[in-house]
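With the hints in hand, could you dock these two chains into one complex?
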Amino acid sequence: QKEVEQNSGPLSVPEGAIASLNCTYSDRVSQSFFWYRQYSGKSPELIMSIYSNGDKEDGRFTAQLNKASQYVSLLIRDSQPSDSATYLCAVNSAGNMLTFGGGTRLMVKP
Amino acid sequence: DGGITQSPKYLFRKEGQNVTLSCEQNLNHDAMYWYRQDPGQGLRLIYYSQIVNDFQKGDIAEGYSVSREKKESFPLTVTSAQKNPTAFYLCASNEGQGTYEQYFGPGTRLTVT
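Those sequence lines, one after another, are chains A and B.
So the first sequence is numbered by the numbering used here: it starts at 1 and just counts up by one.
So the second sequence is numbered by the numbering used here: it starts at 111 and just counts up by one.
Just chain B, same shape as in the assembly (with noise of 0.2 Å):
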């Protein structure tokens, strides 16, 4: 089964606390993007890899740091630098090379208390 998965689907974590969101994929997708979405809002452009060891810093990167050291996997951590890290939080891939359509893993719902 080809396919983005995100774990864990819920997390909870006390303030001050750093977390680790992971995304892994099969479907050989070059670039890998991560969202947030707050209720009844648009997505948010976190962070994005075009390639294997390079990512680039999206619209709200403050407070987030990601590593890309395998094609199928970007993992997301959430710093105690955040200040509202409670949201949904998602990852997409798309193959890259001038190819635009994004698919989206499930989703980790993180809440920070």
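Isolated chain A (complex conformation) (with noise of 0.2 Å):
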């Protein structure tokens, strides 16, 4: 059973603080990473893709992914309570499939 996980928080940071959000994933064949934003009662937008190791950045997104540990992570830089949503972790598994993790909530406070 291929795996993501995700602490499911809530995170809590105040406004202007770096979020950081994590995931792990269990299949090492993985080749492509996606975080999406879903705002509650909303459904999910994809804000980053990463398919290599190190970092990508995308305004004030940093996705960063480490194959050998099998560890992606979300970095929001200036945190605004816009930003307040629950972040999902995805990973690719076989054919065009997505496995999900369950999400982080993250809290940004005014």
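These aren't lab readings, by the way, just hints derived from the structure by calculation.
Treat each hint with caution, since some may be false.
To be verified - Mimicking BS3-like on lysine-lysine, the simulated pairs with C-alpha atoms at most 27 Å apart in a straight line are:
no.: 1; chain 1: A; residue 1: Lys42; chain 2: A; residue 2: Lys56
no.: 2; chain 1: B; residue 1: Lys193; chain 2: A; residue 2: Lys2
no.: 3; chain 1: A; residue 1: Lys42; chain 2: B; residue 2: Lys193
no.: 4; chain 1: A; residue 1: Lys67; chain 2: B; residue 2: Lys124
no.: 5; chain 1: A; residue 1: Lys2; chain 2: B; residue 2: Lys180
no.: 6; chain 1: B; residue 1: Lys119; chain 2: A; residue 2: Lys42
no.: 7; chain 1: A; residue 1: Lys42; chain 2: B; residue 2: Lys167
no.: 8; chain 1: A; residue 1: Lys2; chain 2: B; residue 2: Lys167
no.: 9; chain 1: B; residue 1: Lys167; chain 2: B; residue 2: Lys193
In this text the structure is predicted, and so the values were computed from the model without any measurement.
If you want it as structure tokens, here you go:
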């Protein structure tokens, strides 16, 4: 059973701080990794994808991948109250499939 | 406007009734997916289709059925055999052919009483 694990949270950070969200996965052959943001009552929105070891930056978001440790993370710099949401980690599995983690709820306090 | 549409947004049904949830996409994507999300939970795959006229069961297919007669459409029927149908249902699509990014519709919240 391929697994993707996330701390459910809530992770609470003050406005302007860096939020660090973590995800581990069990399938060593996974090559594609995604972060989705889901606001309460809404559907998931793709915000980052990463395919190779290292960091990938997009605005205030940085995704980090370490395949040897089977670990992927999302950093949100200068966190804003509007970043408060649940963040889902997704990892490719067989075919065009994705396996999703349970999500981490982030709360950014003004 | 390209995207994925799901209808209705909210759906209420009595226990024992079948109900069909609509999912349409105009992204020209080959693959489509149905997920179920329960409160505070992640996404669980119900059914997926990589190509027209073909679909496979996901992790929790019991009590559900699908069809894929057109590339644009992938309706999901929640049958009376599904024991706990109340949930948030999400449809997604991707290009297929070795790509993995999935894009989601707005979802349908089904309540069965």
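Results for each hint:
1. For the hint pairing Lys42/A with Lys56/A, the CA-to-CA distance comes to about 26 Å; that is within 27 Å, so the pair holds.
2. The hinted pair formed by Lys193/B and Lys2/A meets the criterion: a straight-line CA distance of about 25 Å does not exceed 27 Å.
3. Under the criterion of a C-alpha separation no larger than 27 Å, the hint pairing Lys42/A with Lys193/B is consistent with the structure, at around 24 Å.
4. Restraint check: the Cα-Cα separation between Lys67/A and Lys124/B comes to about 48 Å, which exceeds 27 Å; the hinted pair is violated.
5. Of the pairs offered as hints, the one joining Lys2/A and Lys180/B is violated, with about 31 Å between alpha carbons and a cut-off of 27 Å exceeded.
6. For a cut-off of 27 Å, the pair hint linking Lys119/B to Lys42/A stands: about 11 Å separates their Cα positions.
7. Of the pairs offered as hints, the one joining Lys42/A and Lys167/B holds, with about 25 Å between alpha carbons and a cut-off of 27 Å not exceeded.
8. For the hint pairing Lys2/A with Lys167/B, the CA-to-CA distance comes to about 17 Å; that is within 27 Å, so the pair holds.
9. A hinted pair counts as satisfied when its Cα atoms are at most 27 Å apart, and Lys167/B with Lys193/B qualifies at roughly 17 Å.
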